[in-house]
Amino acid sequence: MSVNSIGDYSFDSRDKLENFHGAMLVFIQWEQHLVYCAPFAFPLPPDMLLGDVMKNIVLPAYAYHPDSEKATLEDFEKGQWLLDNKPLQADFTKSLAENGVKHQSILRVTIPGLDGLVGQGSAA
Amino acid sequence: MSRNVSITLLNNEDARPVVQAIEKDNPACIINHLPSLVKVDMAGALRINRQTVEEILGREWNVQDIHLCLVSLSGEVEEEDDFFELSWK
Amino acid sequence: MAITRSKPKMGIKERYASMTRDLGWETSYQPMDKVFPYDKFEGIKIHDWDAWVDPFRLTMDAYWKYQSEKERKLYAVIDSFAQNNGQMGITDARYLNAIKLFITGVSPLEYAAHRGFAFAGRHFRGVGMRVASQMQSIDELRHAQTQLHAMSHYNKFFGGMHSSHLMYDRVWYLSVPKSYFDDAMTAGPFEFLTAISFSFEYVLTNLLFVPFMSGAAHNGDMATVTFGFSAQSDESRHMTLGIEIIKFMLEQDEANLPIVQRWIDKWFWRGYRLLALVSMMMDYMLPKRVMSWREAWEIYFEEAGTALFEDLSRYGLKMPKYYEVANWEKDHLSHQVWSTFYNYAGATAFHTWMPNDNEMEWLRDKYPDSFEKHYQPRFEHFIKEQKKGNRFFNNTLPMLCQTCQIPFIFTEPGDPTTTCFRETHYKGNRYNFCSDGCKDIFEQEPEKYIQAWLPVYQIYQGNCGGKEIEDVLRWYNFNLGEDNGEYLDSPDYDLWTQWKESQSRAV
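Residue numbers (our numbering), protein chains in the order written: chain S, 1 to 124; chain Z, 1001 to 1089; chain L, 2001 to 2507.
Since the hints were derived computationally from the structure, they do not count as laboratory data.
It is possible that part of the hints are untrue.
Pairs of lysine-lysine residues, derived as DSS-like cross-links and limited to a Cα-Cα distance of at most 25 Å, are as follows [stated by the list, open to error]: (1) Z:Lys1089 with L:Lys2321; (2) Z:Lys1089 with Z:Lys1024; (3) L:Lys2448 with S:Lys16; (4) L:Lys2009 with L:Lys2065; (5) L:Lys2467 with S:Lys16.
Stretch-level coverage of chain L by chain S, calculated; a stretch enters the list once three of its residues show a Cβ under 8 Å from a Cβ in chain S [stated by the list, open to error]: (6) 2036-2045; (7) 2397-2407; (8) 2449-2456.
For each residue, glycine too, the CB sits at the ideal point set by N, CA and C.
Can you build the whole structure from these sequences, using the hints too?
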């Protein structure tokens, strides 16, 4: 549907890719770790390696969670990944773009066995 | 069972005679006291009669004076010179 | 006892007819469509503008009389509150954080409502609706002013209350109320009234004002109680305008039904998302609690809202879409929101803290199906770390919903362990939503929401004062270390502790 308006009504997306100075918006969440209330939003260059994103940005961001000490970078790479709701075979040696990540994409990862503070589906 | 209508008034001197009049004219009403509020629930319809309020007050009372102590309501309003009524159609 | 009563010159009905309806006329120098250019483009068909009824039949002269009486009472109380050091009589300084949220997140909405109703009060061609809207416009201005006056006394002592309107325009969580109201104000007059008068004032406002003002009374805040109830006494009139506008549109033409239903679906969901802030206020920010969010939702939405929509079903109107989701969320909402603000305490103009033992017990008691299992472990972890000097501050920025602008903190309906994600594509771009409700709203009018000013993404685009979080917080006009952070480390807490100690020494 379109907007009922009193005149011409068309606009650019305020968050179009060009507005991010060469980066794209990427959202990342370690599932079941809701001590962190929401997925992170990062502006990232599409050619940045997924492994570097995880090692240098995402893992430090999760440092407060006790599970972060138990999970290595390899555990994350072998984890179960969802990219925009579809299963992803994550390759940390490839770039975000090569892994299929686009502007406004959502990456979600689960590491079996590491499911929060008390386990049992408390999601903390 | 008919649905509840409800009126919430301040818990103050302006509202006290109104609440008393509601109790008198709508004996089946349920009065709930909250901090600084009085919420009155009633199945079907609830009526505030000017004459009853005036008898309690001992002086003239205008139905629109209810605006000074009205907090909230649930139900459709009918306001006349002699009464204020809430009901569901 | 019989009361002798002087007979008024005119009865209520007669006075209302001559002092509102008789004030309008059919224009002859210019066609009515040119004088009232905005009341048709939304597609609402009106055949008889005079059929609109105002059950309160309030005329301007009576309006001024009652409003001035209310103002006199209010300012007497505000004066006495200031002169008697009323700020020291509240239950606990933690309480004031609810007030900070109110002055930055709600009072600016009152001002926005003043503008919106001024527009509606000019642009309906039906004179009864114009007069009712004009009165409400003045009411809303009064609310904004009296709230600022009443709370200015706290601003002399406590942080976070000094720049409410600037913060409303800039601060990340305040984009939630701001975008809500901007959405309503940029619609036509019929949608505006459906949004604000009906969906907000009639269906949802009791959840905001009644617990808030009752909470203020319970916590010794005389200033807020008084302005709150002074404002709320106008609210019944506003609610009535809301229900009457819905009935009027539905009675005028059957073709209006699908438009009205769509608006109600939209504005119920937008209003409900906005009230997420109120849920945490009720369950976490009041030192003495009145009722839980869950209880309030049951009384004011499940009971009163159901009765209302049963009544309106005779016009073919249905309960707002996704109300079941809101009913399900009542066990989770406040905990998820409080957890969020605890995460981001470094970037808020109010303080957060963890509940004490008594409060934890209250939460378990009020939320037997959710708190102990899902939220207590999280909070116990926060408390344990905080005691070790490791208070949690989430230093990342969150993903935001394109429609409601709230971070992605809500979980799948029926599953409180999995974050809820929805998406859509429009003109080659992807957009993300926290819920089906927000996604549907976008899809009805994508061109409107692709313009959304989403605070996190604006920071990344470089439009919010600088690259570092601290630059952004300065652009928000925060006094860093005073307005933000943990309550127990705040100047508010220190001041309050000093006051209490000096009081007990005096005893």
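Results for each hint:
no. : hint                     : in the structure
1   : Z:Lys1089 with L:Lys2321 : holds (23 Å)
2   : Z:Lys1089 with Z:Lys1024 : holds (24 Å)
3   : L:Lys2448 with S:Lys16   : holds (15 Å)
4   : L:Lys2009 with L:Lys2065 : holds (17 Å)
5   : L:Lys2467 with S:Lys16   : holds (19 Å)
6   : 2036-2045                : holds (count 5)
7   : 2397-2407                : holds (count 5)
8   : 2449-2456                : holds (count 6)
Of the numbered hints stated above, none is contradicted by the structure.
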